[in-house]
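Sequence order for the protein chains is A and B. Under the working numbering, the first sequence has 145 at position 145, and the numbering climbs by one with no breaks. Under the working numbering, the second sequence has 145 at position 145, and the numbering climbs by one with no breaks.
Keep in mind the hints are simulated off the structure, nothing from the lab. Please note that a few of the clues may not be correct.
Said to hold, decoys possible - Straight-line distance between alpha carbons at most 20 Å, and here's what the computed EDC-like set of lysine to aspartate or glutamate pairs gives:
no., chain 1, residue 1, chain 2, residue 2
1, B, K80, B, E60
2, B, K95, B, E68
3, A, K105, B, E202
4, A, K105, B, E68
5, A, K53, B, E108
Unchecked claim - From the derived model, a few chain B residues whose C-beta atoms are all more than 10 Å from chain A:
no., residue
6, M1
7, L162
8, M177
9, I205
10, M206
11, Y208
12, D213
13, P258
Ideal placement from N, C-alpha and C gives every residue a C-beta, glycine not left out.
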Amino acid sequence: MLELYAVSKIYGNGVVALRDVDLKVNKGEFVFIVGPSGAGKTTLTRLILAEEKPTKGQIIVNNKVVNNLRPSEIPYLRRQIGTVFQDFRLMHNWTVEENVSFAMKVIEAPRRAIRKRVPEVLEMVGLANKAKHLPTQLSGGEQQRVALARAIVNQPYILLADEPTGNLDPETAWGIMRVLQDINAQGTTILMVTHAKNIVDEMRKRVVALEGGRIVRDETRGAYGNEN
Amino acid sequence: MRIRTWAFFTGQAFSSMRRNSWMTVASIGTVAVTMIVLGIFLLLGGNINNIAGNIESQVEVSIYLQDEITSGQVDDLAQKFAAMEQVALVKYVSKEEALQELREMYGESGDFLAGLELDNPLRNGFRLRTHRPEQVLEIVPTLRSFDGVAEVQYGQGFVEQLFAVTNVMRVVALGLMLGLASAATFIIANTIRITVFARRREISIMKYVGATDWFIRWPFVIEGMTLGLVGSLIAAGLVAWAYSAAVVNLAVTIPFFPLVKPWPFLLGVSGWLLLIGTTIGVLGSTLSLRRFLRV
């Protein structure tokens, strides 16, 4: 599903963001990526999304080597990976429905498929009654649900969530986590970068801890740990 | 791509133009002004070409024959002239015909020509036309070398000057047009750059959901194309209206001034304006997108 072999990333200014990272994530797993700021978490997500190329090593997504894709191939990789960010990244002047259906328009899905699928995912994230709202009329938690709906509407193999609860109050954050669990239960692999200690400790999922660009801990039913 | 996707692109382009309405109006206006200037140059150029062409096509070589020449020699010369590859037309003009032409030219004031038919001072001769006016200069020395030819006239000096002037005018007009067209391209590029910059967040979102570069590019290309097309349509309309009016007015004030007739001349000019305007729009948007697509 997702495999990294001896992946290193050294930036032009000499900063070593990742060194010799080996990681294998199987289909249907739920993985927390934790670690202090500057540990290499963001670099890891950027490499998986082919926003950057690794200096060394190999990255394989769904049995395809992606660390040296041509620019024209990158969009097709990203269609297999749903993404959610701390800042939601929605189109402000599009309705909830338009934001979600856009991901399907990009892959030129048939109109009938869009009309069928969009209400399904909005139902799944609990926004069936807000389809015609603009993001600005929604709360932070609701906006993140829109982002989640958009990320999964094309049924990606992997959902990459970069601090999806970072801007939300604890109660709302748990709402998002329940949606993520539902998505995971339907077979989507989830990689979630987070600082939310209470969530990681409570959920008891696989935890991969990064520090100084290395994997320092990889536990199947782990906790957040002591590192900040 | 699906028709629906194109509808989506067009919708995106138009909503972007609505959102930046003042910028849209400004760039349509700039394109229109540029295209009007370009249109005026095209009209001037067309008319200069027309006048030059008129004059050039009237460039003729007159050959005057020696008086003692026999009719057999005349036929012989006619064949030799016709055999030259540059020569398009050979016409024998007897001195009687030449006199008749003079009479027609002077009309009523031609009294002084009366009685000349009894002792015609004119000479028999030929008039030649070449395929291209500039070929006149090539054939004159050969013509002079033929036996029986007394004199060759072709408007010496004038022909050379005419070609020099029309060539310079063509080059200057072309240079000005190129300059104007590239200025308009940069103006559109700037407009699109502003909308692209305003929407760079949206572009990065599109890239995250897996949109291809062309999927992102098309709405902007359509926007640039529309700006160019609308601007040049306005220009073409104004230029066509003004020229038609000018032709009508000039026909009254300066009769016989050889302006090119509006139809189908204006069709060609408008066609060029629309084509150049639209191309400029597409070029401008493509230029300004190149940097922003690297996300």
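Earlier hints that do not hold, by number = Violated: hints 4, 5, 6, 9, 10, 11, 12.
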